[in-house]
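Colleague: Same order as they appear, the protein sequences are chains A and B.
Start counting the first sequence at 1; every next residue gets the next number (my numbering).
Start counting the second sequence at 1001; every next residue gets the next number (my numbering).
Covered stretches of chain A (chain B as the covering partner; in silico rule of three or more C-beta atoms under 8 Å from a C-beta of chain B):
(1) 21-34
(2) 37-44
Residues of chain B placed beyond 12 Å of chain A at every Cβ, according to the derived structure:
(3) V1048
(4) F1238
(5) N1323
(6) M1351
(7) N1389
Everything labelled a hint here was simulated from the structure, so no lab data went into it.
Ideal placement from N, C-alpha and C gives every residue a C-beta, glycine not left out.
Each chain, written out:
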Amino acid sequence: MAVLNKEFFDGNEVLFVGYSGGKNQSFCKMIHDAFARNGIKVYPMNNKAEGNYDLKVYKNISELPKVPKTAYVLLNKENARKELKELFENGIKRILFHSKSNIDDSILAECAKMGVETSVACPMMKFGSGIHRIHGFFTGVR
Amino acid sequence: MNTFPLIRTKWTNEHFMTAAFLVLMLYMLPSWIQKPIRILEFFAVVLVSLIIDGVVNFIRYRRPICGVSAALTAGILCILTLETVLWIQLVGVAVSLLIGKHIWGGTGKNPINPAMTGVLIIGLIFGLKAVSYNPQLLLIPAFLLSIPFILFRPYASLGFMAGMAAALVLQQKFGFDSYLGYGAIFYGCLVLTDPVTVSPNPVLGAVGGALAGGGAIVLTGSPVVMAASVLLFNVICFIADKYLEIPQKKAPSRKAVKKIVTDGSKVLFYDLSLPDSEVAAVAEITLPDRNEILSRIESNEVTGLGGAAFPTIQKIWTVLEANEEKKYFIINGVECDPGLMHDHWLINRHMEEICTGINLVRQCIDFEITALAVKEGTEIKACNVNVVNVPDYYPVGAERELIRHVLGKDLTNTDIPAEKGILVLNVQTVFSIYEAVVKNKRSDTKLITISDLKAKTAYVAKVRLGMPVQNVIEKLPLSSGNIFLGGGVMQSWNSSDDDVIDKNVNLIAVADFPRYKESVQCSGCGFCVDNCPMGMDVKRISQLVDCQKTEEAKKYQPDRCIQCGNCSRVCLAGRNLALRMKKAKAAAAKAYT
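Take the sequences, apply the hints, and build the full model.
Modeller: Given below as structure tokens:
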């Protein structure tokens, strides 16, 4: 599994798959902000992008002005598995999954089979501050 | 995409409730020193309150919600049931939260004070000993730190304390000790200031508060009677607010919003527009006649550069054709948005050109009054027009606000100023008229402010309309972060890759997303109403929008909203209220068409 650092985000940009428009929107915005503060451009995507958003959220990859090489996936296992095929087809080379509860061995194996590098961590552990960094320290994200 | 102010208050309901909770602990201090076991009892009651509140909130909202309001309820209950055994206090706090709060829909929706509900119920069932707040030295910090909370509901709070004092005087029992001993400061500053359950209406607050305080003292003044009295007052407030709909007669707000980047800081100017290749060879013209002036304004496509982007020629024709005896010309140099500085920069460096532009417009229309409006304290170089200093508040630069200040005329929201013979143009538009007429230059550039809110710096830049925003950003030394565009810092939106500079863009800002946490717990503090420049009932309108009742919201005239964003800026619940007002306004406009 790849080490989570800024180099993981090739070209300093990331596709944020599963940017929520519902009750998790403030959390998603916090992650978006943390990426942006570190100079990483974020392309938020949600295929049910009908929420009340404060930023431009793309419905699918074809809408994107440019497809980044790295994706950050904030979806449950089932949805993450469904999304993989589209990500592979569109040239995603690295995927950051939010947490271990969002993946299983078969997802990681599928990524490895397609030559896609993976990492599992909340981006706040690396790019956030305060308690998030402490969390990162204890989980090995430094 | 949503628009929102990039700046907002750092304070939240939770901050104030935490402060109130700390003050409550100071009230407990003497008893804790006397019996240290009470510290454990106090925190046991608080812990139980947090558990009950947390569980109920999780069931209701499917996510964790801050429980400081429950801790506050527990704190008040502990103070008023000091001599009661722990298990009764635990029953009391459960009753308070379930019957006094959650049965009504949770924090912010309860019409009655939860702590008072608990005190009344356990008092009636188990009986309570009276609590005395003797003015001992240890209580002085608690008394002093309670006083600032009066600001939340000043009329009810002062009315309550005055009512208590009057009742004690009538009973010939008044004395400093007895007044404090009955809890005048405690109830007046910490209970009667609960914005959720007490009306902000001055008359209802003062009279109701006085009757509640006075009545409770006349009827023994015990905690149970006090609780009953406060709850009765809460019910009256609720009925008045909900069913009688006593209007919240608020004067429109006239509060200043501090500039983000101080005027005294060094302002760097960048000309990012392309070379002026389109400036005609025959640049200078002398004494253009009216038709020539109007023709050049039209052919060079001058539009309003204050944000509305309305074609200036149409505005001028409307004023020309207006069936008004007297016509007025106001040049808006106020720049009230706290994030903008380019108009000020323009006035400081190009006043002569602005004056020429003003005179060109005056050659087209015979104005009774021409006035250049600037903020108080702004120094203007000599110019042959009246300079009117308007008060420094946001949004004094809004068209109707400015007309009211300069001409003393109140226009309704359906009145169009130009049709009333009033021409209002932004200084940059006037400068653009000068360039269009004298230099025969197309109006395709504009000055904007580029703010780096992280580094607290700002630049004035001349940009060409249609330029990609990314191209502008790349040329300036800005921090990395989210890019926002807007008519000003109070009306911004997040920029996307394909955005270009258009006539609505006055600001490009690099900033973190402002923290709109959209809390479900509105405390009803009324700051949105207090800060509305139109004196609108923002609280009621936004509550109706949240309940999908935009039709019902029409009776509060949401179409008067000027989308200044002040309500979002001050909301302690972190709600983007301006967005709700926009929805209500759109629904109202749809109904009219």
